[in-house]
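Guided by the hints, dock chain X onto chain C, whose structure is given.
The listed protein sequences correspond, in order, to chains C and X. Following our numbering, the numbering of the first sequence begins with 200 at its first residue and continues without gaps. Following our numbering, the numbering of the second sequence begins with 8 at its first residue and continues without gaps.
Incorrect hints may appear among the rest.
Claimed, not checked - The calculated BS3-like cross-link candidates involving lysine-lysine, where the alpha carbons are at most 27 Å apart (straight line), are: (1) C:Lys226 x C:Lys292; (2) X:Lys129 x C:Lys287; (3) X:Lys175 x C:Lys238; (4) X:Lys175 x C:Lys242.
Hints in this document: simulated from the structure, not taken from any laboratory.
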Amino acid sequence: MNEPLYIKIANQILSDILVNQIMPGQKLSSVREYALAYKVNAKTVQRAFEYLDQKQIFYSVIGEGRFLANSDDTIDLIKDQLIYEEAKQFVRKMQTYKLSLEEVYQIIKENYE
Amino acid sequence: MNEIFSVENLSMSIGKKTIFEDITFKVYSGEIIGLLGHNGVGKSTMQRIIANRENAQAGTIVNNGRVQTIATDFNNIVYVPDVIILIPNLTVIENFELIAKSRNCNINFFESYIKTIRLTGKEQVKSLSKGNQELVQIIILLSINAAIYLLDEPFSAVDVFRRELIQKIIIDLSLRNESSSVIITSHLINEIEPMLSRVLYLDEGHIVIDKDLDQIYEQSNNLLQYLKDHFGEKVGYDNV
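So that you can see chain C by itself, here it is in the shape it has in the complex (with noise of 0.2 Å):
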């Protein structure tokens, strides 16, 4: 929620791969189709893929456009990258309730059982 459009754009694209099965080597849609379908400005699609190159997911070939990266573990990184945002907003939002790490550490704990 408490995050610039952009990351949550960008963790849309990420999401989508991973809904649409995506395989590594595979083109993406261009920067113009995703802006269509999310409704966002081309600009703010940009700045989501230029915060995602810096996790090596893709890769850009000048004139054809955007890949998912071919490797192994790339479906990995982007489920990590997706699982470490939601961490990371989760925390956030338990640190705003004022709660030590011991006692969210609880909360899991007794959620996950």
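Here is chain X on its own, set in the frame of chain C:
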């Protein structure tokens, strides 16, 4: 990014009340700008001045390198008001054709979105619901090929599904014609934020914020937060 037009030293007052005081800004190709501010701050007036529907007392609009003076200078501007200006007794297609007589229109854009909203185009405008009339008006006017598109409160009378479609149409428009720019007024900040590349915020006759969304995200997580950080509760948007 090329400069499309600029507003220079614009001032306007009605009686003793100052509406604008020495407002200057430039608009570049590819931008989608949110013109924001309290109700009554003059957002719509600003759009009408740019579209030549109203005159300011001082200042100039430089359009495509020329100072706008006569009506033909405004041929690259499309203004979408927040009231229906379609002719009620004509059909959707007849309304489109009427406008296409004097303006250069993209018929594919018109036809594909009329199809999207499941109309044939043979319906009389007056037989459509208020929401569909607004949607049809937006589709027809945005099918005109132009350099500057001004939309006044495009979401005011529509439900959430139509709102999403309008968002898509505006993004599509801006991608279709990369050398154009779009300026939208709205009081629904959360609804328009995703479409925007830049924000102009009007307050007490001045533009107090002129920033790209990129710059806003350096400081705040979203536009509303940014406005609250700068104006506190004075932002006073009730619809977010």
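Would the pair Lys175 of chain X and Lys242 of chain C pass a check requiring their Cα atoms to be no farther apart than 27 Å?
holds (15 Å)
Given the hinted pair Lys226 of chain C and Lys292 of chain C, is their alpha-carbon gap at most 27 Å?
Violated - the C-alpha atoms of Lys292 of chain C and Lys226 of chain C are around 36 Å apart, more than 27 Å.
Verify the proposed pairing of Lys129 of chain X with Lys287 of chain C, using a straight-line Cα cut of 27 Å.
violated (53 Å)
Tell me if the straight-line CA distance from Lys175 of chain X to Lys238 of chain C falls inside 27 Å.
The hint holds at about 5 Å.
Comparing the model with each earlier hint shows violations of hints 1, 2; every other hint is respected.
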